[in-house]
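Q: So the sequence lines, in the order shown, correspond to chains A and B.
Mapped onto the numbering used here, the consecutive letters of the first sequence carry residue numbers 1 to 90.
Mapped onto the numbering used here, the consecutive letters of the second sequence carry residue numbers 1001 to 1197.
Read the hints as simulated data drawn from the structure, not as lab findings.
Where is the CB? At the ideal position from N, CA and C, for every residue including glycine.
Just so you know, not all the hints are guaranteed correct.
Pairwise CB distance ranges, derived in the manner of DEER restraints [stated by the list, open to error]:
1) GLY1084/B to LEU79/A: 22 to 28 Å
2) ASP44/A to GLU1072/B: 21 to 27 Å
3) PRO24/A to GLU1046/B: 16 to 22 Å
Residues on chain B that point at chain A, a partial pick, calculated with CB under 10 Å [as the list claims (entries may be wrong)]:
4) LEU1021
5) GLU1022
6) LEU1024
7) LEU1025
8) ARG1028
9) ASP1037
10) TYR1043
11) ALA1078
12) LEU1080
13) GLY1083
14) ALA1085
15) LEU1107
16) CYS1110
17) LEU1118
18) ASP1125
19) GLU1161
One side of the interface only, derived from the structure: several residues of chain A facing chain B at Cβ under 10 Å [claimed, not checked]:
20) PRO24
21) TRP25
22) VAL36
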Amino acid sequence: MSTPLSLSGLDLPRRNGELAFDAPWQSTVFALAAAVVEHSFAGDREPFRQQLIKAVAAEPGRPYWESWTAALEALVQTLPGPGPAAVSGG
Amino acid sequence: MSADGHHPAPMSPVEQRVAALEALLTERGLVPEGFIDEITRRYESEIGPMNGAKVVARAWVDPGYKRRLLAEGAAAIAELGFGGAEGEHMVVVENTPAVHNVIVCTLCSCYPWPVLGLPPAWYKDPPYRARMVREPRALLAEMGCQLPGDAEIRVWDSSAEVRYLVLPERPAGTEGMTEAQLAGLVTRDSMIGVARL
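Kindly generate the complete structure, drawing on both the sequences and the hints.
A: Structure (structure tokens):
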């Protein structure tokens, strides 16, 4: 058993872990995926999860949130309407 | 980036891609005003391992709750007010002196968000995802989790729907502690199964 811990930090989710996000773009792309799942897929996360599995498998060494970004780009491509054409800058 | 903001760092390629996604999705009306800030705030300050710690502590002090938790994870977790994305189908697996449980997602990064928050970096990395299935005992030892040689290790791979949470053993010598004090002992890693208390 470890030594008793102070309870003062109990309500911080990162008390015994790292921050959820390292940079603002990571929390942004996380929230964007949540928005798409909620509004375009009625809360069904499986289509996004399948894209994430593909993105992780395609480049296993790629930083996680970059794979997340690639997965969201791919998912958005499946939505009706124009895709993120401006992403590559041309 | 400089402190005075006169020379902001240029956006990296991935930051540009995320900005483009944000612009596109905002234009389509999929991102309500304040949505990103609200989600970020929630996952940075409300949703995290302290929720799981409360679930574990309740199970330690309340045998009836523990039975419900092991039988119907999501429903029992909802009794404490936790639920939502990635927590609809929860299976809670109990550690005993003879059985040690550990969770992994071999394909991506499935994780029980409502009780543990977002996964740590190592959980999402290829070495953990591959090795926890192939050589759990060696990997656990490398992570500082030494198990008795005769303990059975059960590795739970998160599937399309099911998310797992490990119920660690209650440490000896904690009989006089309150539920809140017990919750303070429970670590994130012990609920993933890569540490013992």
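Q: Taking the numbered hints from earlier one at a time, note which ones the structure violates and give those numbers from smallest to largest.
A: The structure conflicts with hints 11, 12, 13, although it agrees with all the remaining ones.
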